[in-house]
Amino acid sequence: MGDDMGANGNGTIIEIEDLTKVFYTDEVETHALSGIHLTIGRGEYVAMSGPSGCGKSTLLSILGLLDTPTGGRYRLNGKPVENLSFNERSRIRNQEIGFIFQSFNLIGDLTVEENVELPLTYRAGMASAERKRRVKEALERVNMAHRMRHYPAQLSGGQQQRVAVARALAGSPSILLADEPTGNLDSKNGEAVMHLLADLHREGSTICMVTHDPRFARHAQREVHLFDGKVVSHEEQVQLEAAAEA
Amino acid sequence: MSREIRYALRQLLRAPGFTAAAVLTLAVGIGATTAIFTLVYDVLLRPLPYTHPDRLVEVREQVAEFRDIYPQLPLSANHFANWERNSRTLESMAAMIEESMPLGANDHPLQVRVLKATPGIFAVLDAQPWLGRAFTPDEAKPGHEREIVLMYDLWRTQFQSDRGILGRTISLNGFPFTVIGVMPASFRLPSTNGLAIRDASRTLPVGALVPLAFTAEQLSEAMGDFNYFGLARLKPGVSAAQANADLDALQHAISAALPADEKGTLSTVVMPLQQALIGNNRKPLLILLVAVAGLLLVGCVNIANLLLARAAGRRQQMAIAAALGASRAEMLRASLLETTLLAGLGGALGTLAAALLVPAMYQYLPPALRFRSAVHLDWTGAGCAVILALLATLFAGAVPAWIASRTHPHEVLNSESRLASESRSSKRLRRALVAVEVAVSVALVLTTGLLTASLIQLLHVNHGFETDHVVTATVNMPSGRYAEMQPRIGFYRDVLERLRQLPGVQAAGATSVFPLAGDQWIDMIRASGDTRPFMQLPTEHFRWISPGYLEAVHLPLVSGRYLNTSDQGKNYALVSERTARTLWPGKDVVGRQFTRGDNTQPPFTVIGVVRDARTISLANADPMMIYVPYWYRCNNSGGLLVRTRQDPSAMADAIRKTVWSVSADVSVPEVRALGGILADSVATRRFEMDLLLLFAVSALLLAGLGVYGVVAYSLAQRQREIGLRFALGARRAGIYGLVLRDGLQPVLAGAAIGVAVAFACARLLSSLLFQVSPLNPLIAAGAVSVLLAVGTAACLLPARRAAAVEPMQALRNE
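Chains as they are written, first to last, in our numbering: chain A, 563 to 808; chain B, 651 to 1464.
These aren't lab readings, by the way, just hints derived from the structure by calculation. Note that this is a predicted model, so its numbers are computed, not measured. A couple of the hints might just be wrong.
[As the list claims (entries may be wrong)] Distance ranges between label pairs, derived from CB positions:
(1) B:Ser-977 x A:Arg-685: 30 to 38 Å
(2) A:Arg-685 x B:Gln-1421: 52 to 60 Å
(3) B:Leu-1041 x A:Glu-702: 53 to 61 Å
(4) B:Ser-1435 x A:Leu-646: 36 to 44 Å
(5) A:Asp-790 x B:Thr-1442: 45 to 53 Å
[Claimed, not checked] Heads up, incomplete: computed chain B residues facing chain A, CB under 10 Å, no partners named:
(6) Arg-1074
(7) Arg-1242
(8) Arg-1246
[Said to hold, decoys possible] Example chain A residues on the side facing chain B (calculated, C-beta under 10 Å, incomplete):
(9) Thr-582
(10) Val-584
(11) Leu-627
(12) Leu-628
(13) Phe-648
(14) Asn-649
(15) Arg-655
(16) Gln-657
(17) Ser-665
(18) Tyr-684
(19) Gly-687
(20) Arg-729
(21) His-757
(22) Leu-758
(23) Lys-792
Built from N, CA and C at the ideal position, the CB exists for glycine as well.
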């Protein structure tokens, strides 16, 4: 799946070098991310885990071009993206990235179909028939095509998240970024969503998921552990967490 | 309850911006509506300040043969005397005429308005002097009419409230008058503005009453001059229609007895005095009332919208209250209490504003509407404010309170995961409310646009003369010294000669009536060779003028020549083009002769034809006009006109000094630019237009605020949605488009409704418009464009804020 940007022949989608993110508030510098190096290859399923406040959501926002890094380099499909304009970032987000949020973020006034169609409406020149085809296809992939005319309020949490996944898939992005996709779901619905992501991965999707739940992290091929804004090994993470608790 | 009031107050204080906006909006709406209601009530509904005012009627005459030109006429002395003797339905009657006269025998006397009335005036109005007595029928006979009853204000200001004034002789109009009474302070005479032929100039209140005595000649004229304002008191139980029938029967008898040459069909119009005084002003006043009510409606809609937004914002709070066991009635009461407090505060401020507005508005009132003493806000007005506040509470508060009370706790408390915090029905309602206020605003703007276009048309109509650099001065000669024509002719001649010597003066002349200041003299005329009976002769407007008058107002000559000073004593005349066309169609007019209808006086010879001009009213077609020289006829009251190269405002002193250098006992009550008289002639229209403009601008502002409020609130609720749209690839221009589309949808819907409503009511407006169709598409498009511009402006600020949303920030704020 995914439109190949064509610049990177080796199949790497995300390439990050020495990435930093610093927040400045009232003369206080908070180093949310420090010297992150990360590569995600096409078709990979990566889970980013770590305790609350470790910087995983910040990293995901930067990966999703929702935020800009303070330093370092970020290449998406082989192209540097750290210094793009607002509208250029919007265009790339629309075409290359699919978001799945913890709180679904479906628009209450729009039907399921309209919610899934929304990112496609921002693509200049895409015909309405093509949009409808893609929406139908995406909803069928998550088994929600029968609820097309419903409003989000008429769906359960698990169903809403499946619609959100369909919305992320509809644009055929290079990568799916999922931020705690099970965070607002009960364990049964959480498991169902994780199975859905696993199915998508098997079908070729590249997925980068943030989660703090080790059970769900294990669904991924690879786990990236973050602690205090740095990438650490699993052992280091366990030690650091133990030290912090002590 | 006191706890709930405390709680509601605390809620309002916690949102000072909302509270101030709501209270001020209500104060403006309630204040303006109360003020206009007070004015409308005072003019249209409040009983006149006389005993049994419902029995007071005004009587006018009708002559079927004149009806095309004059549908109604004032009274003829002879006919009045006949009715007074023979009427079975009228308890008392009075004929009267208002004049301006110099008071005092010293130099530069004070000019006062004097009502000359037959003695019946005291019985008709059921009023007696507070000091002294009224005049008797014997004192209203020619040669005996030298008694005067002072109005209270004149007595207080000019005679220092001297109680010993009774029996004293004072000089009025150059004659000695004996003061026999002073009217009570509260007494007001009805204005004679209601006369069919009216003096449109600005008038002062009447200062004194003197007897009106008809001469034997007047009482013997079969037709007579229709000069007098007639007032009567109906007998108890008699209706105006019955009195009308009674007088019509008398008129029938008078008609039957008319000589063959003056045969005419006479009848009367008897109408309640209040209705006569209101005249044509009922509709404009009611339109103003509707317009200001529209403004209040827009204000209430705005507040309803704000309250709906608050209700949506407080769903969580309501849900918790409901979850904790609050009943629907309790939640409804709590929400309504807040609106009641707002309306109470707004109503109090509005009443205060109205109390200040009403007297100020009275000062600005055009003369036609100023037929009572000064208007003040009273208990009726205050009651109106209270009712408006209650209505505003119900209108603005009921629906939001109802919606708030219907909060379902489980829906609200479990809706965190969806990007909507306001229900679709509430959102639809808020948009519908915006559409309503836009509709009212468009209707107001459209109406104002039509009246403005009408006034502009009126002011730009080719009136045929030029007002720039022309100064006018009214002069009043005391009748004593100037009882005969010769001294008056001498006065005008000398004054004009001296005025022409003043530096910068290009032309100077005198006239009976300034252009657009009314109409005083109408007569039948007979062109030489016309043998038709008197009643079939054409009616013409007459003005006496001096040489230099037509040059001063730049009324162009079509053929022949103007009057000049060497024509003195000759019966020459100039006629307007329309008169020339009507009397001598297709013929050369110069040199032709005519007489005034009765054929008893020497004929006039036409020496020139002047261009038609709207000298009586801007709105009416050019009248048939005849200008005769002042040495043929001139009155004690007249007008001087001076065309100057200098600044006209610098001429006033020079004109006064010139007049007084000829005769110090001639008063010059008013010196003003001719342009001012033109402006006065459209004062009522301008008053209506100015008020409507004020309401329309206020409504526009409120509508703009309404749109802004809805859009801004909606976007505040949709921060996360906007963030999400950005996350999914939306660009800034797209968000601007989204906001404008959402914000302008109800504006467009409202504008369409507003235009439809205004067009549906077009018939009501058409009689107030001049050369402008009430269905004018350009003005309608203009009104819609104005609303769209206001709506767009109101959307842009929130749109800018929305476009600046940082997607990550918005999505993080869950």
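Quiz item: Of the numbered hints stated previously, which ones are contradicted by the structure, given in increasing order?
Solution: 1, 7, 8, 9, 10, 19, 21, 22 and 23
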